[in-house]
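Visitor: Quick mapping for you: the protein sequence lines, in order, are chains Z and B. Quick note on this note's numbering: the first sequence kicks off at 317 and runs consecutively. Quick note on this note's numbering: the second sequence kicks off at 1445 and runs consecutively.
Calculated from the structure, these hints are not laboratory results. Treat each hint with caution, since some may be false.
Claimed, not checked - In silico DSS-like links for lysine-lysine, alpha-carbon gap of 27 Å or less:
no.: 1; chain 1: Z; residue 1: Lys366; chain 2: B; residue 2: Lys1653
no.: 2; chain 1: B; residue 1: Lys1880; chain 2: Z; residue 2: Lys455
no.: 3; chain 1: B; residue 1: Lys1622; chain 2: B; residue 2: Lys1653
As the list claims (entries may be wrong) - Beyond 12 Å from chain Z on every Cβ pair, some chain B residues (computed):
no.: 4; residue: Glu1733
no.: 5; residue: Thr1877
no.: 6; residue: Val1921
For clarity, every value in this text was computed on a predicted model and none was experimentally measured. From the three backbone atoms N, C-alpha and C, an ideal C-beta is built for every residue, glycine too.
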Amino acid sequence: MLEVRDLIVSIAGNTILDGLNLTVRDGEVAAIMGPNGTGKSTLAYVIAGKEEYEVEGGEILVDGEDILAKSPDERAAAGVFLAFQYPVEIPGVGTMTFLRAALNAQRRARGEDELTTPAFMKRVNEAGAMLEIRKDFMKRALNVGFSGGEKKRMDILQMALLEPSVAILDETDSGLDIDAIRIVSEGVNKLRSAKRSFVLITHYQRLLNYIVPDTVHVMSGGRIVRTGGKELALELEQSGYRDFAPHSAAQPAAE
Amino acid sequence: MAAVQETVDRVKSIDVTEYKYGFSSVIEMDKAPAGLNEDIVRLISSKKNEPEWLTEWRLEAYRRWLTLEEPDWARVNYPRVKFDELHYYAAPKSHSGPKSLDEVDPELLRVYEKLGIPLQEQELLAGVEGAAQRRVAVDAVFDSVSVVTTFKNELAKAGVIFCPISEAVHTHPELVKKYLGSVVPTSDNYYSTLNAAVFSDGSFVYIPKGVRCPMELSTYFRINEQNTGQFERTLIIADEGSYVSYLEGCTAPRRDENQLHAAVVELITHDDAEIKYSTVQNWYPGDAEGKGGIYNFVTKRGDCRGKNSKISWTQVETGSAITWKYPSCILRGDGSRGEFYSIAISNGHQQVDSGTKMLHLGKNTTSRIISKGISAGKSQNTYRGQVSAHRKATNARNFTNCDSLLIGNDCGAHTVPYIEARNDSAQFEHEATTSKISEDQMFYCQQRGLSAEEATALIVNGFVRDVLQQLPMEFAVEAQKLIAISLEGSVG
Ligand SMILES: Nc1ncnc2c1ncn2[C@@H]1O[C@H](COP(=O)(O)OP(=O)(O)OP(=O)(O)O)[C@@H](O)[C@H]1O
Ligand SMILES: [Mg+2]
């Protein structure tokens, strides 16, 4: 479960998140939609612990525990996963090596044994098959020279492997071709579970046809300004965000 | 992967400020008075019972040295060495030539044990699986003196000579006389000239015609005594069609003063012979404020004298306050090949100016340079490389790849290539990149659960992979650990 309360965040002196509240329960899939530059990625980064943001107020709880004082790797071990809007290339580091190092680092942090090579291979192969990622990708340096869509699939593969309790997908659908959206969505649907909270950041209602959300939140001006069910996404598709001008008194934040 | 894990574990287990090899041992030393003059040179020579020709050779070098100026073209800054305050000779007392293990000062053996050097042949023989392939003959050099050489008998059976050079002077004078100074002439440069005057010991290797040396040969250098300069001299000759792989490891205790190390290594390959020379250099780099540390001014040069011969230098440089080092190849024989694979890491206040020279003299000669420089902390890391083709060197080929990785904002990386082709058929390729571990990369890795140290170790190991692959297996593992250790404190 993810709880964000009264979160105020600034960067370089500009307030980006301005008292944001968001709760995503265990097993819930929440979609966040909102205009460009409204702070969706900022929210994702701040939850994951990226340094350059200044958290000026509020709290972020994962499974009831405040994570704001934790480093990014500690948050990862606590179950936070972020699929990046722009996954990063890591030259020279083999994908397999990276996956194993990451998985084992998290397991160690949680006091679990490291996986044996066969057990690890089995997990990777299963995740790879589910996301239809060719095996030769595993031999390449992580994300280096991957196409935009391939990088995103690789991020979802990592999510499958790391089994987070809070998974944030930042525009995972953008840049994916039609088949890839289906494959990735099926992957995400398989990973939906009663213990896992998903946050889907997207601009397109289309994704939500594949991954049907429990809740849809509209973000504007650094806050959640409206919350509804999946039909809210359809409504947005029709009317756009014009009714959600930042800090518009006419549209009080739901909840 | 296992090795990366090990690296990471090792990093965790080590106190950030602790240089692991920084213990100093209490061993009675026999030391020459400070300063240098002809009498000291004679003293060193007489301590070794050297023949007249060698004493003269040293004296001539000394006189040359007096006329030379300390070079200042390297991108390193340091208070000048006070050559007249150094001791030019230090040896464990009661030492008179190499002994069998039983006779060696047990304290000395304990030092080597602490260093993890497998001096005890028995241990090796009884060692873990794969012992047969892993056996390494070791020549241990303590301060200036070669203390013990293992596996001598077995090597002798193959006709391989592996002994302290001070011993070879007596047992194989014709070889020493023929080859000593034939690659690095006495007057070559300031430090090598000084070395010629005062060198105390080092390793001598001769591989006879057609012999593939049955095991890796290794020398471990350790500086222990205070205020001593260490001047080893290594001479390796691979006769026609022979092969040898030679490993060199170095450590020194932590001391506040800087210590001078000015070694000379000469390699000679005859027709179709090959020498593979690997170094893992881990001299004390100085403390966090840049105090102390070794000044490493080393001259290493190989002469591919015979046709189709090959010399390959691989180095992992992590230690020393100052590194001034350019292992080079003279590609004299037609069809000969030179290689240089280097990982040079600098952290804290370290300064590295290192690279290579590939001098193409013969026809159809090829060379390959892969250099990976990593700078962290407040360090400066310079690659300086020279590739040249002589007028008569038709079809000379060189490939150079020189990559620099920066960690943090206070360090520097510099690339200084000199390329000179005096023959139109030369094909020289030069690639260079400079990159930085970006905050985005660090955040991405950490988001997946890796700590900052783990992420750095992973990225750096990826960066140096091409070179690590050139090292003998056990050395590669050791080097990987060293890399992680030397980057301690460079992140976060
Ligand atoms: N490092 C930074 N320095 C200055 N401003 C920043 C920085 N990062 C983000 N911002 C600003 O913060 C605001 C929110 O950016 P953010 O990336 O969170 O938006 P977003 O909602 O994800 O947009 P999009 O839909 O285009 O992905 C933008 O105005 C952006 O320019
Ligand atoms: Mg965004």
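Visitor: All hints are to be evaluated individually against the structure, with a verdict given for each.
Guide: So, going through the hints one by one against the coordinates:
1. Z:Lys366 x B:Lys1653: violated (62 Å)
2. B:Lys1880 x Z:Lys455: Since the Cα atoms of B:Lys1880 and Z:Lys455 sit roughly 23 Å apart, the hinted pair holds (cutoff 27 Å).
3. B:Lys1622 x B:Lys1653: holds (17 Å)
4. Glu1733: holds (27 Å)
5. Thr1877: violated (10 Å)
6. Val1921: holds (15 Å)
When held up to the earlier numbered hints, the structure conflicts with 1 and 5 and fits the remainder.
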